[in-house]
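> Make a model of the complete structure from these sequences and hints.
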Amino acid sequence: MERSDTLQEKMEQNGMSRRTFIKYCASLASLMALPPSAAYAMAEALGKAKRPSVIWLPFQECTGCTESITRSHSPSIEGMIFDMISLDYQETLMAAAGHQAEEALHAAMKENYGKYVLIIDGSVATGLDGAYSCIAGRSNLESLKEAAKGAAAIIALGSCASFGGIPKANPNPTGAVAVSDIIKDKPIVNIPGCPPIPVVITGVLAQFLTFGTLPELDKLGRPKAVYGETIHDRCYRRPFYDQGKFAKTFDDEGARQGWCLFELGCKGPVTYNACATTKWNDSTSFPIESGHGCIGCSEPDFWDAGGFYKALSMPADPLKMAATAAVAGAAVGVAISFANRAKKGAAKSAHETTKLEDLEK
Amino acid sequence: MNELQFLTWVRGTGLNIAVGIFLLGVLWRLFEIYSLGRKQDLSAPRHASGASGFHTIFRRSLPPPGMLKRSPVSYIGGYVFHIGLAIVVFLFAPHILLIKNLTGLSWPALPSQFIDLMAVVTMAAMVVVLVDRINKPVKRFLSTFEDWFTWTVTFLPVLTGWMAVQHLLLPYTTMLALHILSVELLLVVLPFTKLFHVFTLFGSRWYNGKVNGHKGVPV
Chain G
1 MERSDTLQEK MEQNGMSRRT FIKYCASLAS LMALPPSAAY AMAEALGKAK RPSVIWLPFQ
61 ECTGCTESIT RSHSPSIEGM IFDMISLDYQ ETLMAAAGHQ AEEALHAAMK ENYGKYVLII
121 DGSVATGLDG AYSCIAGRSN LESLKEAAKG AAAIIALGSC ASFGGIPKAN PNPTGAVAVS
181 DIIKDKPIVN IPGCPPIPVV ITGVLAQFLT FGTLPELDKL GRPKAVYGET IHDRCYRRPF
241 YDQGKFAKTF DDEGARQGWC LFELGCKGPV TYNACATTKW NDSTSFPIES GHGCIGCSEP
301 DFWDAGGFYK ALSMPADPLK MAATAAVAGA AVGVAISFAN RAKKGAAKSA HETTKLEDLE
361 K
Chain P
1001 MNELQFLTWV RGTGLNIAVG IFLLGVLWRL FEIYSLGRKQ DLSAPRHASG ASGFHTIFRR
1061 SLPPPGMLKR SPVSYIGGYV FHIGLAIVVF LFAPHILLIK NLTGLSWPAL PSQFIDLMAV
1121 VTMAAMVVVL VDRINKPVKR FLSTFEDWFT WTVTFLPVLT GWMAVQHLLL PYTTMLALHI
1181 LSVELLLVVL PFTKLFHVFT LFGSRWYNGK VNGHKGVPV
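Chains as they are written, first to last, in this note's numbering: chain G, 1 to 361; chain P, 1001 to 1219.
Simulated from the structure, these hints should not be mistaken for lab results. Check each hint, because a few of them may be wrong.
Stated by the list, open to error - For lysine-lysine, the following PhoX-like pairs were computed, each having C-alpha atoms within a straight-line distance of at most 25 Å:
| id | chain 1 | residue 1 | chain 2 | residue 2 |
| --- | --- | --- | --- | --- |
| 1 | P | 1039 | P | 1215 |
| 2 | G | 355 | P | 1039 |
| 3 | G | 10 | G | 115 |
| 4 | P | 1039 | G | 348 |
| 5 | G | 320 | P | 1100 |
| 6 | P | 1100 | G | 344 |
| 7 | P | 1100 | G | 248 |
| 8 | P | 1210 | G | 344 |
| 9 | G | 310 | G | 355 |
| 10 | G | 110 | G | 219 |
| 11 | G | 245 | G | 279 |
| 12 | G | 320 | G | 310 |
| 13 | G | 343 | P | 1039 |
| 14 | G | 48 | G | 10 |
| 15 | P | 1100 | G | 245 |
| 16 | P | 1100 | G | 310 |
| 17 | G | 184 | G | 248 |
From a predicted model like this one, the values you see are computed outputs, not experimental measurements.
Right, dumping it as C-alpha cells:
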C-alpha cells in the first residue's frame, strides 16, 4: 500500500460508494455534535486527506482498547477507516517486531514531526522512575515524553490513559498516572471507557482530519458530545426507575421483565458516556440491555468507587464506627446521669430547713 | 479529589463518621434526659377526663380551637413541611434501599415523580414558615441562631436532593455527593440541637399530659 493513497481511493478499492461514505460522515458529524453541513465538508476533506500518521503507544494496558476498536466492527466502515490511517506503530497490529518495530516508530516520528496523532492506551507507571513498565529497554514515561514532543495532538484512549484506570486502583503499586498528569503542553483528548466506544475514536480522528480541530472537551478532557449525558438519563430502562420497579436479583421476575438495575449496583446515574445511545457490537446492545448494571468504567477511579454491586445510595464501606459510637454514647449518657444524680443527692443532703427564728434574725 | 472520589468519600468515610456521631449523640442524650427523673408529686391526683399522657401525644398534633385561624401559616405550613419531609425521606426508592442496607427493614416506594412533587411542596412550605418567622416580630424576637441554623440544615438535603434529580447547577455526581454530605451534616447536628425533638417529641408530650392529668388539667 502506498503511503500517498487518499482515503477516497482506498475506499473505492474497498468497494465503498461515495453515498455510503457521506452517510458515514453524516453519522460521525452528528455524533460529534457538528452541524449537518459539516458532513459534506468532512466527506470532502476526508476523501482528499492523505493517510495521516498515527502512532499508537501501549503502556500499562490490557489490549482491551485495541480489541474494542479492531474486532467489534470488522469489517465495518469504522474498521476500514481505521485501515486507512497510517498506523505507523501499534505493537499488537503491526507485523514488525523487535528492532524493526522500534525503527518504524522512530522513522514515523521523524518523518511526521509535529504532525502525527499520538494515541496512548494504558496508564504511565512513575514508580521506580517508571521501571514497572518498559518497552525495548525504555520506560513508558520516557517514551511518552519523547513521542509527545512531535505530536500534533494526543488521544488518551481508554480509562487507564485518561485517568490512570485499573493500574491506578488502590493501592496503586506502580505509581500509575494518566497521560495528562505527565504531558501538559499538548492538546489531549481523553476517550475513557474500559474499553471506549469504537466510533468515538473514529469521530475524534475524523474531526481532527477535517477541521484540524479537536472536539469541544469537558473539564475532564472528554468530548462533550459523547460524554455530555449520563447512561441513566439515556437508558431505555429509565421509566422503570421512575416507577420504582427494580430487579432485586439477576434472575428474579423483575430482571426478566427488564426492570431497572439500580438496586443491583448500576452506576448509570453517575457515568457520563454514550453506551445507551451508540451501543456496542454494531449497535446491538449495551451492558444494561444485556442484563448487567453499568460499572461506570469510563469514570475516573471507577474501580475504587465502593463496589460494582452496591447501589449508589448504599454505604460504600461498612459502617465500622457505628457499634463503638453507640456504646460510647450510652456510656457518656450513663456517666452524665450518675453525675446528675450525685449532684441532686448532694443538693438534697445540703438542704437546710428554715425555722421561724431564722427569719426573725 | 474528583467528583466520583468525592461521592465515594461521602458514601464511605463521611457516612461512617456522621452515623457514628449521630448514634453517639442520640444515645448520650436519651440516657441523659430519661435518667433525669422528677421529684415525686405527693399531692393527691385529681381526675380530668381524657387528660392522660397518651391522649396528649395525639392531641398536640391538632391545633387547639381557634388557633388554626390565629396562626394558619404555622399550622398548615408545619403540617405540609413535616408530612412532605416524611414522604420524601421514607418513601423514595434510593432512601429505602439505604435504610434496608443499614437496618434490614424495607417497604414499597412511591414513584419518583410524586416524590419530586413532594420535595417542591416541602421546600415551598419551609420557605413560607421561614418568611413567617422573619416577618412576625414576636417570632423573630424569639428566634435564636439555633432556629435559623436548624432550618438551614433541614432545608439543604431537600434542596440538594431535588437539584440532583433535576440536574440543576452542577453535574449529578457532584450534586448527589453534596446531597449526601448535607444529610451527614444534619445527622451530626441533630442530637445536639432542637432537631432532637425527632426522638423526644412523644416522650415529652406523654410526660406533660401525665403531669397535667395529675393536676386535673383537661387537655
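> Hint by hint, say whether it matches the structure.
Evaluation of the provided hints:
| no. | hint | in the structure |
| --- | --- | --- |
| 1 | 1039(P) / 1215(P) | holds, 15 Å |
| 2 | 355(G) / 1039(P) | holds, 23 Å |
| 3 | 10(G) / 115(G) | holds, 21 Å |
| 4 | 1039(P) / 348(G) | holds, 11 Å |
| 5 | 320(G) / 1100(P) | holds, 17 Å |
| 6 | 1100(P) / 344(G) | violated, 43 Å |
| 7 | 1100(P) / 248(G) | holds, 12 Å |
| 8 | 1210(P) / 344(G) | holds, 23 Å |
| 9 | 310(G) / 355(G) | violated, 73 Å |
| 10 | 110(G) / 219(G) | violated, 32 Å |
| 11 | 245(G) / 279(G) | holds, 23 Å |
| 12 | 320(G) / 310(G) | holds, 17 Å |
| 13 | 343(G) / 1039(P) | holds, 14 Å |
| 14 | 48(G) / 10(G) | holds, 11 Å |
| 15 | 1100(P) / 245(G) | holds, 16 Å |
| 16 | 1100(P) / 310(G) | holds, 12 Å |
| 17 | 184(G) / 248(G) | violated, 46 Å |
The structure is inconsistent with the numbered hints 6, 9, 10 and 17, although it conforms to all the rest.
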